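Colleague: Sequence:
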Amino acid sequence: MAKLLTNRDDNYAQWYNDLVTKADLAENSVVRGCMVIKPYGYAIWEKMQAQLDKMFKATGHVNAYFPIFIPKSFLSKEAKHVEGFAKECAVVTHYRLKKDEKSDGVVIDPEAKLEEELIVRPTSETIIWNSYKNWIQSYRDLPILINQWANVVRWEMRTRLFLRTSEFLWQEGHTAHASREEAIQETEKMIDIYSDFAENYMALPVIKGYKSENERFAGAINTYSIEALMQDGKSLQAGTSHFLGQNFAKAFDVQFTDKNGKLDYVWATSWGVSTRMIGALIMAHSDNNGLILPPKLAPVQVVIIPISKNTQQASEISEVAVKIKDDLISKGISVRYDDRENNTPGWKFTNYEFKGVPVRLAIGPRDLQNKTVEIARRDTLAKETIPVQDVTTHVIKLLDDIQANIYNKALNFRNDNTWYINSWEEFTDIIENRGGFIMAHWDGTVETEEKIKQETKATISCIPIDSKEEEGKCIYSGKPSKRRVLFARSY
RNA sequence: CGGGGUGUAGCGCAGCCCGGUUAGCGCAUCUGGUUUGGGACCAGAGGGUCGCAGGUUCGAAUCCUGCCACCCCGACCA
2 MAKLLTNRDD NYAQWYNDLV TKADLAENSV VRGCMVIKPY GYAIWEKMQA QLDKMFKATG
62 HVNAYFPIFI PKSFLSKEAK HVEGFAKECA VVTHYRLKKD EKSDGVVIDP EAKLEEELIV
122 RPTSETIIWN SYKNWIQSYR DLPILINQWA NVVRWEMRTR LFLRTSEFLW QEGHTAHASR
182 EEAIQETEKM IDIYSDFAEN YMALPVIKGY KSENERFAGA INTYSIEALM QDGKSLQAGT
242 SHFLGQNFAK AFDVQFTDKN GKLDYVWATS WGVSTRMIGA LIMAHSDNNG LILPPKLAPV
302 QVVIIPISKN TQQASEISEV AVKIKDDLIS KGISVRYDDR ENNTPGWKFT NYEFKGVPVR
362 LAIGPRDLQN KTVEIARRDT LAKETIPVQD VTTHVIKLLD DIQANIYNKA LNFRNDNTWY
422 INSWEEFTDI IENRGGFIMA HWDGTVETEE KIKQETKATI SCIPIDSKEE EGKCIYSGKP
482 SKRRVLFARS Y
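Position 69, counted from 1, in the first sequence is what my numbering calls 70; the numbers after and before it change by one each time, with no gaps.
In short, the hints are calculated from the structure, not lab data.
In silico DSBU-like pairs for lysine-lysine, Cα to Cα no more than 35 Å straight-line: (1) Lys-190 to Lys-483; (2) Lys-81 to Lys-483; (3) Lys-326 to Lys-58; (4) Lys-190 to Lys-260; (5) Lys-410 to Lys-332; (6) Lys-251 to Lys-134.
If you anchor each label on the Cβ, the simulated ranges turn out as follows: (7) Trp-136 to Glu-112: 32 to 38 Å; (8) Asp-328 to Val-31: 40 to 46 Å; (9) Asn-64 to Gln-138: 21 to 27 Å; (10) Thr-394 to Lys-55: 24 to 30 Å; (11) Glu-214 to Asn-409: 34 to 40 Å.
These numbers come from a predicted model, not from an experiment. Using N, Cα and C, we set each Cβ at its ideal position, and we do this for glycine too.
Could you put together the complete structure from these sequences and hints?
Modeller: What follows is the structure in structure tokens.
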């Protein structure tokens, strides 16, 4: 049998790459650093979008759309913000091409130079706050709770499909509030939504926390994140929520009159998740047989494969299969009945396994005779034969089981790979030889964080929200520390 | 931008060191037939600017020079 996939334990990076391309999720584009998201991969994104959008709307948010181009001058209005993004911005300088006289191609028309260059958005705080300035006068105009689904561009040196590309898809929420407390509450509400989504839909256990000063979003007072552990022991930031304080309100002069008639700057938040989550989904659950997708995000939840010796049988099987399919669809389950004749059942088994379809039903002559169906689950590869009349109830239950099992498996993996350690020797040993999450004391200084990063490539993924206070000594400097923080090598 | 590597059919590769008929193999594709309970088999067919440009030579995928592209490792980052 031809090898489809690089072994996960031999070369994790190559395994991931093989999965993404061979499962038809995405491919590299001719444009360096950009990817083509193929229909199967995009379908996962659409499922994520649909669920998140529902959750945003349920908490009072509305969608809007702001331009992809940002005047260059906007970016420099918030000092930290420029510093964070200036190095990776694509810039539009002209608005017209013309035919080249010498060759057959086109050249930039030098006559068509823009008065002010436009930046392709790396994120939209500036262009949005420029609008909010006009929308907000009084506390009655607040809060503004807007989200946008968009693409952004950050010119990356090295890219990897889904995990880091120069252009990516995401949603960015941008909210404006009358008080500091309300804005902080919003920031926390959104990180809770992300965490809820990750755990209950992606089946991905996450650690909620906030970023150290070093890792914080450019322009934020505080950045919250959810951090997930991948199967190679590296952590991945799956979502962020920022409390922006009054930084952008001040930069764009957005003031409002409060209930007492006093003028004050508006409080802001922003939060986002991106197509990167698809990378997290893949790396957290999949195995050497291919993708493993949680039922709640799988584009196809059930595949039905007929096995027939002749056309007579084929039509009898088809009758049973279509009935099952229709019944499942009526219960809101997405089903594919694959009766193509150009591939054998064996080929289809392997193929759908590779693509991570959670449940497979097979119907052959034996089943026809016994009024049964073979049902197989992708997560454990277990098979059983059940009576036809039980299929729908069985599938519904099985999809829930699989969702829960994938989550528990990921949770157990994380628990088995989370280390509470107290010495530098242990720290370096685990980083070098084991990987995983390390909970350790840190003295709270940027210098120590930098030193640790330089010596081990480990960074502070986050300072977990629920980590309890305890006396300890910084593993690096030995200085006193009040709580453990989460260290890991990360994506 | 530093260090390493690779460009030959849609994909994966051999051939290059040591120049010599019509450039080959596996997968995929197409046609016909037999098959179908874990990647089926037989027969036939189509598909190539050998990364680009120049040079050496009677003759270049192969040797020489220059260029380009992509990949991996580092610096940057979600």
